[in-house]
Every structure is written in structure tokens, then in C-alpha cells.
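Just so you know, the protein sequences line up as chains A and B, in that order. Okay, so the first sequence: first residue is 0 according to numbering that gives the first Met the number 0, each after it adds one. Okay, so the second sequence: first residue is 0 according to numbering that gives the first Met the number 0, each after it adds one.
Since the hints were derived computationally from the structure, they do not count as laboratory data. One thing to keep in mind: the hints can contain errors.
Identical copies go unnamed one by one, so any copy, or any two together, can satisfy a pair.
Claimed, not checked - Under the rule of at most 27 Å between Cα atoms (straight-line distance), these lysine-lysine pairs were calculated in the DSS-like manner:
(1) Lys3 to Lys54
(2) Lys165 to Lys493
(3) Lys339 to Lys199
(4) Lys229 to Lys199
2 protein chains.
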Amino acid sequence: MKDKLADLKARLAEVADLESARAVLSWDQATYMPPGGALSRARQMATLEKLAHQKFTDPAIGELLDELQSWQSSLDYDSDQAGLLRATRRKYEKAAKVPADFMAQLTEHTSASFETWSKARPANDFNAVKPYLEKTLELSRQLANFFPGYQHIADPLIDFADYGMKAQTLRQIFANLRKELVPLVQAITQAAPANDTCLKNNFPIDLQRQFNRDIIRRFGYDFNRGRLDKTHHPFTITFSIDDVPITTRYSDQNLCDALFSTVHEAGHGMYEQNIKKGFEATPLATGTSSGVHESQSRLWENLVGRSRPFWNFFFPRLQQTFSEQLASVELDDFYRAINKVQPSINRVSADEVTYNLHVMIRFDLELALLEGNLNVADLPDAWRERYQLDLGVEPPDYKDGVLQDVHWFHGTIGGAFQGYTLGNILAAQFFAVATSVHPEINDEISQGEFGTLFSWLKENIYQHGSKFTADELVPRVTGSPLSIESYVSYLREKFGQLYKID
Amino acid sequence: MKDKLADLKARLAEVADLESARAVLSWDQATYMPPGGALSRARQMATLEKLAHQKFTDPAIGELLDELQSWQSSLDYDSDQAGLLRATRRKYEKAAKVPADFMAQLTEHTSASFETWSKARPANDFNAVKPYLEKTLELSRQLANFFPGYQHIADPLIDFADYGMKAQTLRQIFANLRKELVPLVQAITQAAPANDTCLKNNFPIDLQRQFNRDIIRRFGYDFNRGRLDKTHHPFTITFSIDDVPITTRYSDQNLCDALFSTVHEAGHGMYEQNIKKGFEATPLATGTSSGVHESQSRLWENLVGRSRPFWNFFFPRLQQTFSEQLASVELDDFYRAINKVQPSINRVSADEVTYNLHVMIRFDLELALLEGNLNVADLPDAWRERYQLDLGVEPPDYKDGVLQDVHWFHGTIGGAFQGYTLGNILAAQFFAVATSVHPEINDEISQGEFGTLFSWLKENIYQHGSKFTADELVPRVTGSPLSIESYVSYLREKFGQLYKID
Numbered sequence: 000m001k002d003k004l005a006d007l008k009a010r011l012a013e014v015a016d017l018e019s020a021r022a023v024l025s026w027d028q029a030t031y032m033p034p035g036g037a038l039s040r041a042r043q044m045a046t047l048e049k050l051a052h053q054k055f056t057d058p059a060i061g062e063l064l065d066e067l068q069s070w071q072s073s074l075d076y077d078s079d080q081a082g083l084l085r086a087t088r089r090k091y092e093k094a095a096k097v098p099a100d101f102m103a104q105l106t107e108h109t110s111a112s113f114e115t116w117s118k119a120r121p122a123n124d125f126n127a128v129k130p131y132l133e134k135t136l137e138l139s140r141q142l143a144n145f146f147p148g149y150q151h152i153a154d155p156l157i158d159f160a161d162y163g164m165k166a167q168t169l170r171q172i173f174a175n176l177r178k179e180l181v182p183l184v185q186a187i188t189q190a191a192p193a194n195d196t197c198l199k200n201n202f203p204i205d206l207q208r209q210f211n212r213d214i215i216r217r218f219g220y221d222f223n224r225g226r227l228d229k230t231h232h233p234f235t236i237t238f239s240i241d242d243v244p245i246t247t248r249y250s251d252q253n254l255c256d257a258l259f260s261t262v263h264e265a266g267h268g269m270y271e272q273n274i275k276k277g278f279e280a281t282p283l284a285t286g287t288s289s290g291v292h293e294s295q296s297r298l299w300e301n302l303v304g305r306s307r308p309f310w311n312f313f314f315p316r317l318q319q320t321f322s323e324q325l326a327s328v329e330l331d332d333f334y335r336a337i338n339k340v341q342p343s344i345n346r347v348s349a350d351e352v353t354y355n356l357h358v359m360i361r362f363d364l365e366l367a368l369l370e371g372n373l374n375v376a377d378l379p380d381a382w383r384e385r386y387q388l389d390l391g392v393e394p395p396d397y398k399d400g401v402l403q404d405v406h407w408f409h410g411t412i413g414g415a416f417q418g419y420t421l422g423n424i425l426a427a428q429f430f431a432v433a434t435s436v437h438p439e440i441n442d443e444i445s446q447g448e449f450g451t452l453f454s455w456l457k458e459n460i461y462q463h464g465s466k467f468t469a470d471e472l473v474p475r476v477t478g479s480p481l482s483i484e485s486y487v488s489y490l491r492e493k494f495g496q497l498y499k500i501d
Numbered sequence: 000m001k002d003k004l005a006d007l008k009a010r011l012a013e014v015a016d017l018e019s020a021r022a023v024l025s026w027d028q029a030t031y032m033p034p035g036g037a038l039s040r041a042r043q044m045a046t047l048e049k050l051a052h053q054k055f056t057d058p059a060i061g062e063l064l065d066e067l068q069s070w071q072s073s074l075d076y077d078s079d080q081a082g083l084l085r086a087t088r089r090k091y092e093k094a095a096k097v098p099a100d101f102m103a104q105l106t107e108h109t110s111a112s113f114e115t116w117s118k119a120r121p122a123n124d125f126n127a128v129k130p131y132l133e134k135t136l137e138l139s140r141q142l143a144n145f146f147p148g149y150q151h152i153a154d155p156l157i158d159f160a161d162y163g164m165k166a167q168t169l170r171q172i173f174a175n176l177r178k179e180l181v182p183l184v185q186a187i188t189q190a191a192p193a194n195d196t197c198l199k200n201n202f203p204i205d206l207q208r209q210f211n212r213d214i215i216r217r218f219g220y221d222f223n224r225g226r227l228d229k230t231h232h233p234f235t236i237t238f239s240i241d242d243v244p245i246t247t248r249y250s251d252q253n254l255c256d257a258l259f260s261t262v263h264e265a266g267h268g269m270y271e272q273n274i275k276k277g278f279e280a281t282p283l284a285t286g287t288s289s290g291v292h293e294s295q296s297r298l299w300e301n302l303v304g305r306s307r308p309f310w311n312f313f314f315p316r317l318q319q320t321f322s323e324q325l326a327s328v329e330l331d332d333f334y335r336a337i338n339k340v341q342p343s344i345n346r347v348s349a350d351e352v353t354y355n356l357h358v359m360i361r362f363d364l365e366l367a368l369l370e371g372n373l374n375v376a377d378l379p380d381a382w383r384e385r386y387q388l389d390l391g392v393e394p395p396d397y398k399d400g401v402l403q404d405v406h407w408f409h410g411t412i413g414g415a416f417q418g419y420t421l422g423n424i425l426a427a428q429f430f431a432v433a434t435s436v437h438p439e440i441n442d443e444i445s446q447g448e449f450g451t452l453f454s455w456l457k458e459n460i461y462q463h464g465s466k467f468t469a470d471e472l473v474p475r476v477t478g479s480p481l482s483i484e485s486y487v488s489y490l491r492e493k494f495g496q497l498y499k500i501d
């Protein structure tokens, strides 16, 4: 059995190395690559993707998994080896259904689509991306159809990101959450509005960078095994457990954009950096689902980074850094400003209360596109209508409307957005348990200390990587399956106090 | 035949993509990678190297080459297709003799060795690299021994870099050149020494960067298809014909270091950027030999960048950029300063006259190591002795002695250095022809114009990539095989004038 396991691990390491190489090429494409490199880079990434897929779907891997099956049943379910074999089989059974040529085609297309979007977005040019988006929709449908027997055509696509999750379940969760959010948004918009003029000023980018780096270093993001670079659409990517770069973007007119996006990506980064070292170069060496991953970024971004205790410590430092801009601002006013609730057209900069409404719009539009109930040509109008309906605002152009998010232009349609709301829900669910087990966490945060929280997350979530599925992990950590309860209480309490609502 | 050619090209593109991916990982390792990434990066690069080697040595490629043989004989020798088939066979026959596992072992070792050297050099720690170097020597010998029947054990290693070149031939060329250099160095050291105090000052790095970027942009280095980053040991690398990054290093105490290394790397970069587009992702898409490549970097660095006409145009600009430091300096004095001949311990910063003596030392030591006439343990002493003997100077430590150059720590021993001197020789040989066909080139250079020279190089050298071997290319371009004549005349004339020697 040892030989077979070693053989399997060697094959998995080869696949992981090809995937890591692709990750490096992709990171470079989004940070330092000169424009001329685009075409050849797309081809190179497609080749790596194709080879990784070929190697991973080699029937020899299926045979090894079968031969190891009886040994696997003898293992403790919680053992690393059992976890490795489960995760490998899960991934293998999905991958084996998709032909390598199709994967290469998809990669090459999404790479070209990304390049086009990168230029079309600033130019506000929906027509430029339309044929790419149509092709993406067609490829997304084809991909789903390699998994016949689904309830909803989006299910196989959602399953890639959030294993086991279904469109139907998500619709239910989102409907329940919406029932709580809509009255909360209404109550807030009727209350006295928060004033965020203190955030509107000139904040030199170098100072922002230093300040933000200091925050995430204190959180526990390890710069010896990571780095922070500039990009257009911030992301985290994994080259190995010991090399997890994050990216952000800066505007000298906007303090919050870089700050919260850096903190957000550091949350993703710390998850990937703290997976058990022994999982390196296996399918275990990444976060277990899009929802759980997002719970880690949103936890640090919102439950920590937008909390009162956090700014107790950091606001005096921020005032020192931007003494001219913030000298006369009170901590309470700053805290209200960064938590201002206001329906807007932008997801990434949306407040915690309206954020999920942005996600739900995208989720519903994805489903409608996949179902054939919406054409790509009609997407911009549908987008505008839903924004008007749900948030009472309307994007003035394509750039901040349908071209706003990279996802549909750099991957499939379907499965791209649900993780954000699942993440918000889980962030609150995890944080509630962490602070109940360790009530000192909030005190520590108000002293700029994050050790207890970090250790709890590492122990309970980070280290496991993909050893447990989200459905297994959430009850193990919190004692119950995913539930919106903690999240709704958190929002009601925080924003009830902020806006003086009962 | 068309199908077979298409099949061959598809296979070659896959290999090229794997090699390009490895190049991106390697570039990143030397520029932005955090220290923690080193171990996994070495493994990833070894995997890519191994897969590229496996794919390229697939017997199917040999069969396709055989099947295309008779068609090849019907082609015009100068046609791109004939060139592709020749270059592919050349590379295939070499690669097929080396087992993929060996290549992976070599890559993993050189990557680990590089990491160790990167730390050992600043720490002046020869003992840290000694076991790596011993292993490198052993692997270099093993590699050579996959090619039995050589005259000298270095021949197969030299052949990887400079196809067709032999240790014996090089010894002869170097002996002939040395006969000319030694009296020239002696005459110069007896003449009045040049004064280079004007170069010793503080030169802010940001200003250096801008100035250097401007120079190479004027040369024709295309920033839309390339970029300039910082590293420890400057290099050029190719991701594709349309993506050729170069790197440099800066010291605020040394104006010349970054300037001439940037210009040098831009010479390599322009070669790779201007290979015929149709050669993309084939063995033709790179410079044809280490010597010819180096001729392009040295041509721009020395024959252009250290020439009087060049500084006619750029010196007033340099004075504007560093007005405080250079306001009172005369052009003639500056020209003499940057061409100061002085035996030293450092190859990269050596003047044009003594430079080749540095190369010959390394070449002879490589040969002695491979022959078994020198142990790695004795290398630092041998290095010091040869420096004392040939240049009359001695490195005070390992850092600027045997640890000075990256080559032995990031590749094989054997074949690493001869290209520099071949390049110096060829640079003069090519430049003599270019200026004889286009006597206006020097006038243009003195006006900051490089179009005629660039076009001549592109037409005669760049565009061909590896279509012709060095042995074919040199007579085609210059009308005669490699010869030291132009180079010796150039040195005698330039330095004779500078040092007022007959």
C-alpha cells in the first residue's frame, strides 16, 4: 500500500506543480506582464492547464484510488491519509468527466476574454466583450453538460467552487437572508444617514501601502512566504503553501478601497499559508470551498477590520499617518463613516448590509443566462433593472454595471458569486464560536493583538486545507450546519447600534 | 507532409510552452519571489524541465523528423521550414541522449545551489556552496558522459551553448587573443592612468533608472513587449518573442554598473524580441548560440555604449540628470573615465581590454575541474593564484573571488564562460561590417539615433533566431568565419588613442 500511496502522491505532485506554474503565469499576467505578452501567455497557460488535466485524469490515478480503497476504509476518517484519498477521489471523479481538450479551450478562451475585458472596461465597451461572454456562456453550458443528471444546469458549476451545494439550496438560503436584509436596509435608509466626508480626501499611496502592510503583518500574514503587489482586480493566488502572494489596488482619493481589499486578501492568504505543511503539492493544499475561503477574507475584513475594537487601536495610528487629513476626526465618526450603509452600484465597495443584495443579483442573472431565460445581449438591461428594483440605484454606464466584476470574464458563468454570501454567513458563524470560546478576542483586537483569533482559525480551519468538505467542517467547528442566524444577529446588533434602530 | 509538419509543430509548441513557463518561474525566483518559496519553486521548475524534456525526446518527434527528411532535402536550404527541421534535429539528437530523470535532478540541484549561493555570497561563505559545487561538477561530468566520443570532456557542455565549438579550438582562439591583449594591457599600465573620480559620487537610483530606460528605448528595446526589473545578477530571459524581460541592479554609489548592465541586457533583449514572429514556440525562437547572443549585448554595451559618438549625444543629458554631480566634468574626461583600463578582480565591471583575461581564467579553471586536475576544495586558491598571475591582483575574499559569478551555481561547470569572449570578438566583427556597409551609423549614434544599426542587426542577425548556426551565420553576415582581427584592431585603435600608444 505504501508504494501505491507514494506513486499516487508523486503523480499528484506533478499535477500540483503544473497548476502552480499556471498560477505563477496567471499572477504575472495580472501584475507585471507587458501588453505584448498576452497572446503567447494565453497559449502557455492553456498548455499547462491541458497537461495538468491530462496527468490528473490519467486512468492510472483512478486505478490507484481503487486499489487503495480497502486500505482507506481501514483508516481513521480524520486521518490525513484518509482525507487525502477522499479529496483526491472527489476531484478526480469531477475532472475525469471533462475532456482535456475542452479544458484547454476553456482556459485559452478565458485568458483571451480577460485581456479583452481589461481593455473594454476602462473604455466602457460592452460590445467588445459581448462575443467573448457569449462564448463563455456556451462553454459554461458545455461544461455543465459533462455532468448529466443535475437538478439545475448551474449545479455542476457551483459544485466546482462549493462542493455539494445546489442552486435550489442557495435560492432558499438567499431568500431567507433577503427577508432579513430588506427590512434592515429600509430601517437604515429611514434613519439619520452616516457622514463619510472624512474619508474623502487625498491619501498618498505610499503611506497607505505602509499602513496596510503593517495591519496584515500584525494579523499574521507572513511576508516571508508571501508578497503584496498592485493589480486591477485584487486577488490571492497560491504558488505553494510557502508562497502565497496577495494583490491590491490603490487610489489616492480613497482610503478604504486599498485598506479593506488588502485586509480581505490577507484573510485568503493566511488561510492558504497555514495549511498543514505535509499537504504540500496534494489536492489538500488549498481552502476547502469558495464559501469557506470567503468566510476567512470577510472575517478579517469586516468582523475584525470594520469593528470598533480594531479601530480603537489603529485609528490613532491612522491619524498619525494622515495627520493633515484626519487630525480633527473623532474615532466614533470615523467608525460610522467606514460602516456607512448606502445602496450603491458597486459590489466590492458595498457596505456589509447591502453587499449580499449585489451577490444575489449576480447569482440570479447567472442562473437566468444558463437556463436560457436571458441572452447576453440583454444582460446590461437586466443588470440595470435588477439594480433599480433591489437597490434603487442604476449604473450610469457599462463600466460600473455589467463590466464591474472580473469573474464572468475570467472563468465560467455559474458558480462565481455564491461563495461571497456563503462566506459572509460563515464568517459570522465562525467568529461567534471563536469569541464564545475565547471571549478575550475582542479585547486583544482593541490592543492590536490577533494571536488568539489567528491560532483558533489556524487550529480549526486553516490547517485542514481541503481535508474536510465545507459540509463536514462547519458542523465540526461550530456544532451546527451552515445557518444565517449568527450573521443576521451580528448585522442587527452592529447596525442597530450604529443607526439607533431597535 | 503538411500534416506531419503540423503535428511536429504542435509538439514543439507544447515543449516551448513548458520551457516558457519554467522561464517565468525562474524570472520570478530571481526578482519577486519571497524567500519562503524557494523549496517548492525548485521542485516546480524541476517538474516543468522534466516534462519538457520528456515531451521533446518522445520518439514520435524523432520519427516525424525521419519521415520529413526527404521532403526537407527538397527544400531551399535557406527556407524557414528547412531551418526549423535542422534546428529541431540538432536539439533533438542532443536531448534524446539525456534521460529525463537526470535533467530533473540537474534542474532541482541547480535551483537549490542557486538559492544557497544567493545567501552564501553576501556572507562570504565558500564552505556553504562547496558541497553544491562538488555535486554540480559530478553532474556536469555525468552530463558530458551521455555524449561519449568527445575529444575533451568539456566539448559536449560547450556544444549546448555554442554548437560545434570545441575546447581545443577555443584554447587556440584564446591563446591568439591573449598574445595581443597582454602587450596591450602592459602598454596601457605603463601609460598615464585615466582618472575616474568623476564616477565616484552619489547617483540617486530613480534618476539612473529613468536615464537608462530612455537609452534602451532609443536603441529599440520594446517596453510594450518587455520590462526592466531589479535583480542581484542581471539577466535576460524569454517568455515569448513578444515578452522578453530584462533585469538589472542598481547602486547609488556607482553610475556605470546599472547603466552598462542595462544596456548589455537590452542587447540580448532586442535580439530575442526581433526574431521572426513565425518562429514563435519553435526551437528557432531564440538566439543561435551563446557567442552570437553575447555579441549582441557587448555590441550595444561597448561598441555603442562606451563609444565617443554615443556620449556626444548622451553626456549633456546625463549632466542634466545629475547636474550637481557632473556639472563641472568635461565630456572627454568622462569618456576616458568610463573606458579606464585597470586590472581588477571583477569580471562584470572589467574594462574591455582586461575583460577577456577574466573569461580565460574561468574557462581554464572549468576545464581543469572537469579534467580532474583541480578539486573544488582547491578552487578558491587556484582562482587567487591565476588572478595574481594574469592580472596582478588578488580578491581579498570569496565573495569577490570564486563566488563572484552566478554561472557555476546556477548551471553546469563547463560551457558557461567561453560565450563572453566569443561575443566580444563577434561584436567587433559584426560592427565592422555594419559600419562599412553603412558608414553613417557613427554619425547617427552621435545624434542619439540607432535606426540604421538596429535595422541592419535585425535584418542580418536578429530575425533569423536559430535558423542558422553560428558557423553558418558569421560567414553569411561578415564574409568570413570568426576571426579576432576586427576585435584586435578595434581595441588597438580605441585604447591606443585613449592612452596615446602607437
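Status of the hints after comparison with the structure:
Taking the closest pair of Cα atoms, Lys3 and Lys54 come within 27 Å of each other both inside a single copy (16 Å) and across two copies (25 Å). In this assembly of identical chains, the alpha carbons of Lys165 and Lys493 never lie at most 27 Å apart, being 31 Å within a copy and 77 Å across copies at closest. Only within a single protomer do Lys339 and Lys199 lie at most 27 Å apart by alpha-carbon distance; the minimum there is 13 Å, versus 56 Å between protomers. Taking the closest pair of Cα atoms, Lys229 and Lys199 come within 27 Å of each other only inside a single copy of the chain (22 Å); across copies the shortest separation is 35 Å, beyond that limit.
Violated hint for the displayed structure: number 2, the only one.
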